[in-house]
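Residues per chain, in single letters:
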Amino acid sequence: MSLSTAEPEALNTPPEAAREPDRAPPAFQSWGRYPKYGAKVVPLNWQGDFPAVLAGSQDSALPVGLGRSYGDVCLLKDGTLLQTTGMNRLIDFDPQTGILTAESGISLAQILDFAVPRGFFLPVTPGTKYVTLGGAIANDIHGKNHEVAGSFGNHVPCFELVRSDGSRRLCSRTENPDWYAATIGGMGLTGLITWAQLRLRPIVSRGIDYEGIQFHGIDEFLDLKQKYQHVEYTVSWVDCVSTGKNFARGIFMAGDHSKVPGELKPSPEPKLVFPFDAPAFTLNRLSVSAFNTVFFHKQGNAHVKAVHDYEPFFYPIDAVLRWNRLYGKRGLVQFQYAIPWEHAKEGTIAILREIAKSGLASFLAVLKAFGDIPSLGMMSFPQAGIMFALDFPIKPGITFPLLQRLGDMTLDYGGRLYPAKDAAMTAAQFQTFYPEWQRFARFRDPMLTSSFWERVTDSTGAKPTL
Amino acid sequence: MSTPAILPSGTSPGSDSTAKITKKILVLGATSGIAEATCRIWAAQGAQMFLIARNPEKLAAVAADLKTRGAAYVGTAVADLDDTDKHAELLSHAINSLTGMDVAYLAYGILGDEPRAEQDFEHAAQILHSNFVAPVSLLTWLANFCVQRHAGLLAVISSVAGDRGRKSNYLYGSSKAGLTAYLAGLRNRIDREGVTVLTIKPGPVKTAMTASMKGSEKFADVNKVAATIVKAIDAKKDNLYVPFQWQPIMFIIRNIPDRIFKKLNL
Chain S
468 MSLSTAEPEA LNTPPEAARE PDRAPPAFQS WGRYPKYGAK VVPLNWQGDF PAVLAGSQDS
528 ALPVGLGRSY GDVCLLKDGT LLQTTGMNRL IDFDPQTGIL TAESGISLAQ ILDFAVPRGF
588 FLPVTPGTKY VTLGGAIAND IHGKNHEVAG SFGNHVPCFE LVRSDGSRRL CSRTENPDWY
648 AATIGGMGLT GLITWAQLRL RPIVSRGIDY EGIQFHGIDE FLDLKQKYQH VEYTVSWVDC
708 VSTGKNFARG IFMAGDHSKV PGELKPSPEP KLVFPFDAPA FTLNRLSVSA FNTVFFHKQG
768 NAHVKAVHDY EPFFYPIDAV LRWNRLYGKR GLVQFQYAIP WEHAKEGTIA ILREIAKSGL
828 ASFLAVLKAF GDIPSLGMMS FPQAGIMFAL DFPIKPGITF PLLQRLGDMT LDYGGRLYPA
888 KDAAMTAAQF QTFYPEWQRF ARFRDPMLTS SFWERVTDST GAKPTL
Chain Y
1108 MSTPAILPSG TSPGSDSTAK ITKKILVLGA TSGIAEATCR IWAAQGAQMF LIARNPEKLA
1168 AVAADLKTRG AAYVGTAVAD LDDTDKHAEL LSHAINSLTG MDVAYLAYGI LGDEPRAEQD
1228 FEHAAQILHS NFVAPVSLLT WLANFCVQRH AGLLAVISSV AGDRGRKSNY LYGSSKAGLT
1288 AYLAGLRNRI DREGVTVLTI KPGPVKTAMT ASMKGSEKFA DVNKVAATIV KAIDAKKDNL
1348 YVPFQWQPIM FIIRNIPDRI FKKLNL
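One line per chain: the protein sequences are S and Y, in this order. Taking the working numbering, the leading residue of the first sequence gets 468, the next gets one more, and so forth. Taking the working numbering, the leading residue of the second sequence gets 1108, the next gets one more, and so forth.
Watch out, some of these pointers could steer you wrong.
Heads up, simulated DSS-like pairs for lysine-lysine below, C-alpha to C-alpha not over 27 angstroms straight-line [said to hold, decoys possible]: (1) S/K544 with Y/K1174; (2) S/K507 with Y/K1343; (3) S/K812 with S/K692; (4) S/K544 with S/K796; (5) S/K732 with Y/K1370; (6) S/K544 with S/K712; (7) S/K824 with S/K812; (8) S/K503 with S/K796; (9) S/K712 with S/K692; (10) S/K544 with S/K862; (11) Y/K1130 with S/K732; (12) S/K824 with S/K862; (13) Y/K1343 with Y/K1130; (14) S/K544 with S/K503; (15) Y/K1325 with S/K503; (16) S/K772 with S/K726; (17) S/K732 with Y/K1174; (18) Y/K1331 with S/K732; (19) Y/K1130 with S/K796; (20) S/K726 with S/K694; (21) S/K507 with S/K544; (22) S/K824 with S/K765.
Coverage of chain S stretches by chain Y, computed from C-beta distances (three or more under 8 angstroms per stretch; other residues unrestricted) [stated by the list, open to error]: (23) 643 to 657; (24) 684 to 693.
Derived from the structure by calculation, the hints contain no laboratory data. All C-beta atoms in this analysis are idealised placements derived from N, C-alpha and C, irrespective of residue type, glycine included.
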């Protein structure tokens, strides 16, 4: 008798669970919960599962991780999503070089749990640790240290890429360099990253030597950026609601890993979960304006110094799981641009004025300078200049027309938008932002696509509507 | 099945210059989700492990992960545990590699296809073989090994489904009921010899595999389940419902009179 050793947890799953009809919402949503597309979700638990799971299937597919990108870059309407989060094993770690080799579905949170007690930290980290290694490469994500570290792909010496035809490629700067460049920032479209190497950086403490400084307006922000260029991590929160004397006020936050040795214990599990979908009126000009005023004055002084744990410094909003429900059932969209220095200041001021004028409330607004370390991906988002990001609640008839205007303004100022955060850019905008897109298209796996890719390469110029 | 010979004493494979005492754990069905999550905790504690599973690629991936996480030693053997004729040789090889054994963790079993098993006795017999007959073969050898030494712990994954037969999975359930009854009897026999028998009864557990199932967000987290199992082993418990809510739930289910129970859709 020869039988497979099945997963015991599946053995204990009541079969009723599988039989219940799938009601809305769809099984897999992006972080913005917009758009909502039905798709089949197939887990990839082992490196050998791909491409076997596609055998005999005519459907297009897309590898996805934890669904923390905001729009449709991690969605595929009526297709098959290959969820990699079960593929989360470590393969090797060399404490001499700090190079970690792991399967691509491991999350940055899981990497930190392993690395921090050993005195290592991520070389680049986004504002949430709940993203996968594969997703971090596929979106060539960036962090608060872009000026000194570049983007995530700069710290990935090599990875394995498996195509739907079963071919495997080891990709690095010297081996299959074109595939390497296409896959970093390649939005999961070039094949499945089965495993990757990541160069971790040493730390001696969980602590961050932190400084928070209030600023008023973009000029003060730029002065602070200049003054703190010796600090590794810098980011600013900016008030996008206030006008007049409070226009573009914000808090400039700077931090370095503490050099005083401290206890390197792993982080506790977050306890808070946002409990329900907030009603549509929760976020309005008044509530956001009140929040922004409180946030601006929270630190009490115009300038504070403190030692913070890395968790609240890097991942303040990870403390509340599923916070996206604050934006209600309709969801949220993010708008994120990078405008080169030449037009960065005037572009930022003009766009901030347009947003304040629109009255579309948003409190998670982030302003930061990108440095000039070039990204390695042909489709990477970061470029030297000013990066700005904020969330909008979805208001029918208001949000998307505003996003069109903001997208066009970004284009006029020579900037680009970030696919991982986008649900609204037009095909024309995308193709101007990313002039390499046609060269990139040649590296796409014929079985793989995404709703984002279909949208921005659609020659009919179809636009999202709501 | 012959009684295992006393193993030659020697230096433990994981022990280097520092004479660190770590647990020696034999894991049967090591590539299952719960087993893997449990092994990760042991690896971080520096345990020595020997892993047995059927698929060589999966086994190699799990072994590399556990070594990287800090396991002092990871040995592996590829085997189909349904093949009871090979058990004695396999177990003796594993324990030789580990140079001893403190814990045997049996996470081997199959769900089977219930509707098929209702019609096809061959398939029903397969379920009973993998979930009951093969584990009894393994445990017979392991129990006698432990009794000889008056030490050791046998941790075995059964299921809440074995507490009462339900129409949705009574073949799987009855195989686990048999296993649970076997373990109760084994405990009664060998606990006095200094050998602990732990019966683990998990409820539904959330893994990548069950992620897309309706209601799966309410399933138990596999890492929390694993942490509870590690604690129960350290505490030398006899029985474990995990998560613990399943103990009162199954108490109620066991005590519903059949004149009502037979009409329920469970």
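> Within 27 angstroms, alpha carbon to alpha carbon, are S/K824 and S/K765?
Replying inline: 25 angstroms, holds
> Does S/K544 pair with S/K796 here, judged by a C-alpha cut-off of 27 angstroms?
Replying inline: 19 angstroms, holds
> Taking only the CA atoms, is the gap from S/K726 to S/K694 under or equal to 27 angstroms?
Replying inline: Given that 27 angstroms is the threshold and the Cα spacing comes to 21 angstroms, the pair holds.
>> Checking one constraint from the list: CA of Y/K1325 to CA of S/K503, max 27 angstroms. Satisfied?
In response: 22 angstroms, holds
> Quick check: the stretch 684 to 693 of chain S, covered by chain Y? Criterion 3+ residues, Cβ under 8 angstroms.
Replying inline: violated (count 0)
>> Checking one constraint from the list: CA of S/K503 to CA of S/K796, max 27 angstroms. Satisfied?
In response: Roughly 10 angstroms separates the two Cα atoms, so the pair holds.
> Within a Cα-Cα threshold of 27 angstroms, do S/K732 and Y/K1174 meet the stated pairing?
Replying inline: 20 angstroms, holds
>> Check the hint pairing Y/K1130 with S/K796 against an upper bound of 27 angstroms on the C-alpha distance.
In response: 50 angstroms, violated
> Can the restraint linking Y/K1130 and S/K732 be considered satisfied, given a maximum Cα separation of 27 angstroms?
Replying inline: Holds. Y/K1130 to S/K732 sits at ~23 angstroms (cutoff 27 angstroms).
> Are there at least three residues in the stretch 643 to 657 of chain S whose beta carbon sits under 8 angstroms from a beta carbon of chain Y?
Replying inline: violated (count 0)
>> Just to be careful, I want the Cα atoms of S/K812 and S/K692 compared with a cutoff of 27 angstroms; is the pair within it?
In response: 13 angstroms, holds
> Taking 27 angstroms as the top limit, are the C-alpha atoms of S/K544 and S/K712 close enough?
Replying inline: Status violated; Cα separation ~46 angstroms.
The structure is inconsistent with the numbered hints 1, 2, 5, 6, 19, 23 and 24, although it conforms to all the rest.
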